[in-house]
Structures are given as C-alpha cells and as structure tokens.
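Trainee: What follows is the residue order along each chain.
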Amino acid sequence: MVMYPTRYHRPKSLEEALKLHSDNEEASYLSGGHTLLPALKQRLARPSDLIDLAVLPDLRGIKLEKNVLSIGATTTHAEVATSLVVRKAIPALAGMVGSIGDRHVRNRGTIGGSVANNDPAADYPSAVLGLGATVITDRRRIAADDFFVALYETTLEPGEIITRIDFPVPDQAGYAKFRSAASRYAVAAVFVAKFGSAARAAVTGAGSAGVFRLRDLEEALTRDFGPAVVAQCKVDPAMMMEDLAGSSEYRANLVLVMARRALQHLGEACSYK
Amino acid sequence: MQHITLTVNGTEVSRDVEDETLLVVFLREYLRLTGTHVGCDTTQCGCCVVHLNGKSVKSCTVLAAQAQDGEVTTIEGLAGKDGTLHPMQEAFHRLHALQCGYCTPGMIMAAVNLVETYPEPLTEDVVREEMEGNLCRCTGYHNIVKAILAVAAAKQLAPAGME
Amino acid sequence: MLAERVFKAVGKPIPRNEDQRLITGKGRFSDDFSLPGQVWAAMVRSPHPHARIVSIDPSEALKMPGVLAVYTGEDCRKDGLKPIPHSPVPSTKFDMKLRGPGDTEVFAGPNILLPPDKARHVGEAVAMVVAETLEQAQSGAENVVVDYDVLPWVADSLAAVEPDAPRLWDELPNNVLVDTFFGDAAATDAAFASAAHVVTMKTHIGRVTGVPLEPRAALGHFDPATQRYTIYAGSGGAVRQKQELAAVLGVDPQSVRVLSFDVGGNFGTRNRSFVEFGLVLWASRKLGRPVKFRAERSEAFLTDYQGRDLVTEVSLAIDKDGRFLAMRASNLSNVGARCVSLSPLSKGSGLITGSYNIPLATLRARATFSNTMPTQAYRSSGRPEVTFAIERLIDKAARELGFDRLELRRHNIVRPEQMPYQNAVGSIYDSGEYEKNMDRALSLADWQGFPARRAEAKSRGKLLGLGFANYVESSIGSPKERADLIVRSNIIEVVIGTQPAGQGHETSFAQVTADLLDVPFESVKITLGDTDIVSAGGGTHSGRSMRHASAVIALGSEDLINKGKALMAHLEDVPLDLVQFEDGFFRVASSNRALNWFELAPLAEQDGLPVELQGGLRVRRDNEMHTPVFPNGACLCEIEIDPETGSVDIKRYATVDDVGRCINPLIVHGQTHGGIAQGVGQALWEQCAIDPASGQPLMGSFMDYGMPRFDNMPSFKTEIVEVLSPTNPFGVKAGGEGGTTPAPAVVMSAIDDALSEYGNPYIEMPATPTKIWNAIQEYKNRQNAA
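Residue numbers (numbering that gives the first Met the number 0), protein chains in the order written: chain A, 0 to 272; chain B, 0 to 162; chain C, 0 to 785.
These aren't lab readings, by the way, just hints derived from the structure by calculation.
For glycine and all other residues, C-beta sits at the position ideal for the given N, C-alpha and C.
It cannot be assumed that every hint is accurate.
[Stated by the list, open to error] Only pairs whose alpha carbons sit at most 20 Å apart, straight line, appear in this in silico DMTMM-like list of lysine to aspartate or glutamate:
hint : chain 1 : residue 1 : chain 2 : residue 2
1    : A       : Lys-193   : A       : Glu-267
2    : C       : Lys-716   : B       : Asp-124
3    : C       : Lys-25    : B       : Glu-75
4    : A       : Lys-40    : B       : Glu-28
5    : C       : Lys-25    : B       : Glu-28
6    : B       : Lys-145   : C       : Asp-710
7    : A       : Lys-18    : A       : Asp-51
8    : A       : Lys-40    : C       : Glu-295
[Unchecked claim] Pairwise CB distance ranges (calculated):
hint : chain 1 : residue 1 : chain 2 : residue 2 : range
9    : A       : Gln-231   : C       : Arg-409   : 49 to 57 Å
10   : C       : Ile-427   : A       : Arg-42    : 51 to 59 Å
11   : B       : Pro-118   : C       : Gly-583   : 51 to 59 Å
Could you build the full structure based on these sequences and the hints that come with them?
Mentor: Structure, rendered in structure tokens:
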C-alpha cells in the first residue's frame, strides 16, 4: 500500500536530529529503512516526520580498539559482513550479518535499525546479547542484558538514538540458525561465545518473549565449551513461540540442534532451512 | 515536498516529490522509466532492484529523498548508448533466462551487481545463495543460474563502446 | 498430418523475439500504461468470511481529500450491471460432463461486480473508492463504514458438504453444486469383490495460489466521443475478456477494446475476469476520467483466483500377480464462494487411472461451495491432483503387498500397441511410449547409483529418498482459433488470438510460419493482444496454444499459398496448374518467372483484380479442434532429509516429457523447469492456509507463503521425447504443464522413501520441516512406548 504522507528530514548533526524528534511527537528515526519502511508501506504506522540518521557520518564505521569492536549504528550489514576487521576479530559475527536478508537488503539495512527494532526473529539481537555487547546511545550506555525487554520492545527512551554498539571480542564464537521457508527469518538461532571461562548463549527466533539467554546451556558450557554438553540441556517448550513455521516442541528441539551446530562450527555462521 | 536531484542512467534529474515517494515510484511515474517493476509489498521479490551508488538495492524500500545526490542505474541504463547489450542481457537472451519478463529487470540488475562485486569465483551454490533476494515464478531458476555463471566465466563486464 | 519435410526453424532452440524489449526495460505490462487525467481505485474488502451487508456508509470517505466517488453493489444494481459470464462448466466434446446433484444444471453462483447482499469470503470487494491519487483512494477505503451482520462460515470442503453446514447460496439446498457419477458401478464392484487385494488412500491436495509476479492491474477508459470502452489489462485471453466485459456492461462487444500486451505470468490465475476490470470501465464512464486499479501483493494473495484444493479417496483392486483390476475414486473439489471454473475437477476426472491399464473404474465427482476465494485452473488444472492420487496409491500398494514399485508400474502401464487407448472413464490417449519414458528417466537420474548415494547420506546422518512418478495429462482447451496471415512489404504478419505470459509465442509461432511459407524466421512477426486487431481467439490455457496455433497457421498457410498461386497465375496469365510454390518462390513451370512473397505482395494491391483475389495477399482462417492430446512422461527425484530438523533438500530431479513435436526446445525446457518449480512448491512450501478458528486466511504475503527460490530448488535434468500426436497437423501435444503434473507425487514419493525407517508416516503437503520432524518424533515415541 502507499505510505501515509510524512515529512522527511536530513539533520546536519545528532543534536539537530534529537531536536527534530523532540519537536515532533510522532516522529520516527530512519536509518537503512528496511525495517521501518516496510511497516509504513503496510500503513501500520503514521509517523509525522522521518529523521534520516544515515546522513550523519559520525554514526557510521567500524573500529577495533583494545579488544572491543565498535560498530557505528548506521553501518550497513554489507559493510559489517565484508569488513576484514570484523572477520578477523569476530568471524561468527561477520558470518551472521552476511546471512541477514539478502544482498540488496544488506546494502541498506543497518545494525542500529535492527537492534532498536528488536524483531523476535532478527539475527542481531542474538549477537548483541550473546556477546554481552554494550549499546551506546546519545545519552547513556546500556548493557545488552538490560536492553531487550519484549517483542519489538527495548529500554530505549522516546527520542533516544543508538550511536554505536560495542562488542567485546570473545575467545571463540559461533552462530547457527534455522530459517523459515517463507520469511527467511530465524525459526530458531543460537549465538554462543566464550570469554575465558565464562560462556554466553543467546537465542533468537524461538522465544515467545523475544531474544533470551539459554542459562542452562551457559552453565554447562562454562564446564566444557563444546557441542558435547548440549545433550545435557533442556529447553522448555512452554517458553517457545508457536506458529505455522513450527510448534513449540519443534522450536525447543531446534534451539538445541542449532546450539550444538554453532558449537561444532565455531568461528563461522551456519544457516539451514 | 522534497526537491531532489540525482543522476539516473547518467543524466542528472531534478524533481519536486512528496516526501514519502519511494524510489521505484519516482522512477516509474515521475521519470516514466517503467522497466523497474513492483512485485510485492514485503521487500522480498526483487523485481524492483536497481543500482544506487554502485550497490544493488530494492528501490521499493528506499525513499527517493534518500537517493538525493546519488547515482542510480536502472535496466534502461544498462545497455550501451548505441544499444549494445550488456553481457548479462545477452546471456539471459541466449540461455532463455526469462519467460514473462516481469522479474527480469530486477533479476538482471541483481545478477550484474553480483558478478561485478562478489570477491570470489562464482559457483552454482554461491549464485543460488546470493540471488535468494530475487524471485522468479516462470523459469524455475535453472537457466538464470546458467546465464549468471556464463557471464562470470567470461568476465567481460563492459560492453564495447561504453565509456 | 503435415507432410514430412525438413524443417529449418521448427525444432530449433532459437532464442526469443520477445526478449529484446523485456531485457531492456521496454516491456508493456498493464501498470506501465497511464492516461492523462487518470484517477485511482481502491477496494473495500470484507474482513468476514460470511456476512450479510446491512448498509454501507460512504459519507466519511466522501469528505476526504481527493475522493471522487464511492460505489457499492447497490450502484451496480441500479446501473443494471450483469454478472460476469464465467461459463464454468467445461463443454468441449471431450470434456467430462459434470452435472449438478440429481442430474441438474450446475448452479455456479452469479458474480456481480460488487455483491448487493452478502460477502461470501474474506477479501470479497463490497465497495470501490475512486480518488485523485492512490494514497487518497486507500485512505478513503479505510473510512468507508460497512455494517455487517456476521454469519456462520465454513472453509473446509469436507465440512462444507455436511448437511448442517452454513449455506452460501439460497438457490441450492446445501453447498454441493456438482455431484456426478462416472463409470460402470456393477462391473467395478464385482472386480473389487473378487480381487486378491484392495488398497485405499485418502488425501487432501491442498490449496495454493498462482503468484504470478505481476500483480493484476487494469486501466479503464470510456471515450464519450466514440462511445467505446478501452481497457489495458493483462489476462489469459484478450478476446474472451472483451466478450465478458461487454456482457457485464451490457454493450456490444465492438464497443470494448482490450489491450493485453506483456503479461507477467498467468498459470491460470488470469483465465477469468476479475471484478476490478469491469469496475474501472464502469467507473470511468461515470466519472469521465480514466480509472486505474492495481492490486497489492497482499490483495493478490487474498483475491487472485486460487488453485487445487481437492479431497480424494481412491482404491485399487489388484490381483495376486499385481495386475490392476479396477479403481474407485471419490473426488471433492472446493470451488470457493462461487464457481468460476470446474476445469480442475473435470480434467482430473478424465485421468484418474493415470498411465495404467485399469480396465474398470468408477468416479464420484463433487464440487462444493465454501467461504473461501474461488478456485479455478492452475498450472495443469486438475492433473497434478489425480496423478498424485494414483501414483501415491501405487506406491502404497507396492509397499503393503510386497511388490517392487517400479515393477508394479511396468506390469500395468499402458503399452504403445494399445494406442489410441481408451481409459475406464472414457478418455482416449492419443499416443505415447510410456515404458520407454520410464527407462529413459531412470537412466537420466542414474537410479543405479542411488544405493551408494543413500549410504553416503546415511554416513552423514541424513536420510536420502528416491521418488518416482509416471504421468499422463490432457490438453483440451478452447476449441476455436483464428489466424490472419498478412504479407506486407518485407514481413509476414500473423495475427492470432492466443495470450502468452512467457511461453514465447512471438518466437515459436514465427518458427512454424517461417517453415510453412519458406521465409526466413526473421521475416515473420506475430501480433497479439489488441482486440481491435485480434478479432477472435481462444486465449492461452491448458497447453492449447501451440497445438491450435500451429494447426490454424498450417491451414491458413495452405490458403495463403493457394491465393498466391492464383494471383501469380492471373498476373502471368497462365493456367493455375502451371504455377508452383517452391522454396519460398511462386514459379511458372518451364519459365524462369519467379516471385517471392515480398515481390508478389505489392502486386496484390493493384486495381482491376478479380473479386476473389482482391484485398491484398492475406487470408483469415478459422479452425476448430475438439480432440484432446495427452502429453506424458516420467520423473524421478532424490531428496535428502535431515532428521534433526526436518529440513528437506532436493539433490536430484530428472524428467522425461513427451510433448509431441517440439517446436522450440529452448522454450519447452524452460516451461518444464518452471512447471517443476510450481509442483515442488506445492509439495514443500505453498499453502493457502486458513485459521480454523476464525476463517481468516493466514498467508497474506511472501512472509507467510513459501516460494520456490534460487536456494531451495535444484538444477534439473530434463529430456524431451517427441512421439507425434496423430490429432493435429504438426503432431503437437503440449509442453507447458508436464513439469508440474507429476511433481507433487514425485516429491512426496521421495520423502516417503526417505522416511521408510520411520514407518512411512502419512504427511500432508506441504511437507514442511516441522511436519517431517513431528512425524519422526511420533514414530520414536511409539517405539519407546512399545
């Protein structure tokens, strides 16, 4: 359908962007547009103003400093996936981002847009949570564990802009996802990461409340970071989403299968369908 | 209203458009370049793929205003000025990689960008994976894969006379 | 049958004439057209599966900026608009004769452009808003207030035929519009009673939708100066659309012009008129502006005519040596809220016995209404369903009775010496070498190497299954076709009434014409799609086009050559029998006077010619053919299943297709490829799912409706076989639908084979990973419990 009429702005600075937003109650930020514009084309929302953050050069770029990989909020998926810096530092992250959507979507979609939207089947939330990243906004730093609230909901305040996301570089990481035949989003996907003796495992696509950490698995992985321990873990079907792409029992099974495969192929991202 | 200026197929154009005008609508209705098509409403089918600043994008999910100062190439701008077909167009024709032709403009633009930018040699598996953003209902994809692999193998990307 | 000759163009894989405009962005699809002053239409659609329309209040919408008008069913009634004459009952000589219950006329349910009484399916248009811009029309549509009185609904066909099911049409006592019995009941019952074995299967071949990538669109324009309606709208046949739209508007067909140029895929979805096409023409007259409608993809998912949806129960009576004695079938077709075409039920009915010599059969063919979008023909209308039924039944019989599934097929397959073969429900298969197809397909797919590949897959923890299916299908189609052959100054123009949507008629018809008239392929131009030029024609569906076109062009070419000879004789003042046509030249015997077509044509324009030679070097020829042809073949596929996820991967797919004479193998292979994809799509991903609690369609977009894509389809090995059909001059059968016909059967056969060690569970299409995984779990649970 045709979008409702709106006003488009190209702010010259972050401050101007923030001011435009506070001056217009019903404004939305625009980055790659590949989450927002499809929703607007369905006439699901009517923002009065669109504030284009992608025109702000400071929000874009990739930097590795002291074992922290910083990715600017308007950096495209294509840029992250092909970045030699990311591929060397966290290859599973580069691989995961290279599996988002398709080539054309990756040329426009951005990390900031994806993370701010918190689609329960998107890939990025599992990496942000799985790596224990920090979301940096115009006004504060938010730990991943404090960022994701529920489906499509985060702790961002109205008007708050993500400026970059800092990923600590793990010793090892892996990602495996099972994609829905139609939407190509994750039916279940797991991002695992090892930091010394600590381990994190984050699941997207499967949880009825959105992205979550698989504590059971994390405990087992601190004892032995490898695929063998997955067999000892359980996922509660009651916590799983249920739809045409999969029942809750099926998703619960898939989570463990994907976890095991992520651990079997560390340093990579695997995609199944 | 936005006053936008961009280069389309090598020619600078300026227009006043409604802020919410999509790039595909700008191309089809303002510039009457009807080669780029709309096939879905969920950014999935790829019929609308064009090149924006050297990258393949889905023009149904880009505002015309976001293309300000940009360079757009559509299917109409692919052949040489003298009409010489791009090798991808030739290959699609020779190998019967189109039937109804509706997905074809977006398909060709996607394929050209794939062959031009993919850093490693293309195999059938890679082509099938990298082209998943384009749907075709007529061909079953078999001949399109053949055409793309043929062009990649020949690796001639600039038609004679194009400069 | 055409005298044997050496063809120069026919049979060659010539790249297509239509490509040039399509690969350079110069195609002419319906939405590419615009007219000055045009306005936009948006539809108000019922959110309910079944509801009485109590009232429609357009007042809020009419206040909105840019909104010009709101039209309802009441307005249609006031202006005397007639229902669309869908003619749903197939009625060529050889179509299976479907009848209403008690041998009555079939009641189809009238299709007024906007219903005055009820909405009978989710998405049925109940009003149309017209505004200056599309956005304003959509906003206006959001503000039309419709008061519905919600009624009980039924979507599932088995539920719809229950006596107490909600009734869609007051004209019928229930929802059953077709109930016809075919075959010899007494003899069939006797064969079943005495058979050593009886195998039965019940299955539902579900509903899918065509998804042509070009959403339907129409631009309608009424010109008060000429009192003519013009519509730009892609369809399955411009001439048919013209006649239907004229009937709806209550005008002479000559005052309607349909322009259908490039059509972005059809597959059957466009074979019947859409209400919006009539509405934009009608609105254009009322408003004095051209009116444009363009469906969103979500609208296309909801309200394109849909396909399949057959419940079938089949039984086979088999003797102790594995010979098929008799068959019973009960087929129930879900036609949706009204009946626009009974082609799937009818065509399937004629092919229930498939490629096998089954001497006796009975069939109960029923159709029911339901509160769903109407269904009609979709790629191989009706044949994939019945092919699925017989092929899967044979697999089941083989497994249960301990026969080898290939040997069981060979033992019963129709033999070449039996051709022409009349099957137990009366269809006469014209020609074919079915067992040879089997042999060739098995070899093409290297079935000998399968055990090793299966073992290799097992070593990786995967299950590899081999699927096999034979098929025979029918091509009937509208029996009439017309061709105008016109020799111009340097081209030969053929005007014909087919309607391609990718099948390459501008190329293949030119090949036929070029060889018949002995001119270079490049000299022939095919004209289609403008009803002011195309005066008659049957459109394109059911694989009819090549057969009908080649036949009428062959007859027309004969007429044209005769006219050329007569003209030459007149001009040279010699007796007719001294004029020969040879190698593209008209020659006078024993002289060196010779003229080719382009030299002769201008001489045909001169004054003073006798009456029968006037009018230029051109002919019009009509032809009518009712005799169906039966394309046939065999196919194999190998599918690898990951038991941990239920994931399905097609590793190998090979087909052999007897298309009769193959005019252009490049085009025919392409048709096979695309046909395979549509059949595989139905088996693995596609489904027009409906929520059983609310009656709401669940698949509104590509986010829900899985499609064949680059990365889930394999490359194919396809081979063409040409057993010429004796039924038409070129021996053509059809090549457009054989890819689809066996595909659902062969895919499910492979999945079944892969899951042999899990008890051959029954899995209904689409065989999604979650269904496969569930079936494996259920088997494991049963084993654990035991």
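Trainee: Hints broken by the structure, by number, lowest first?
Mentor: none
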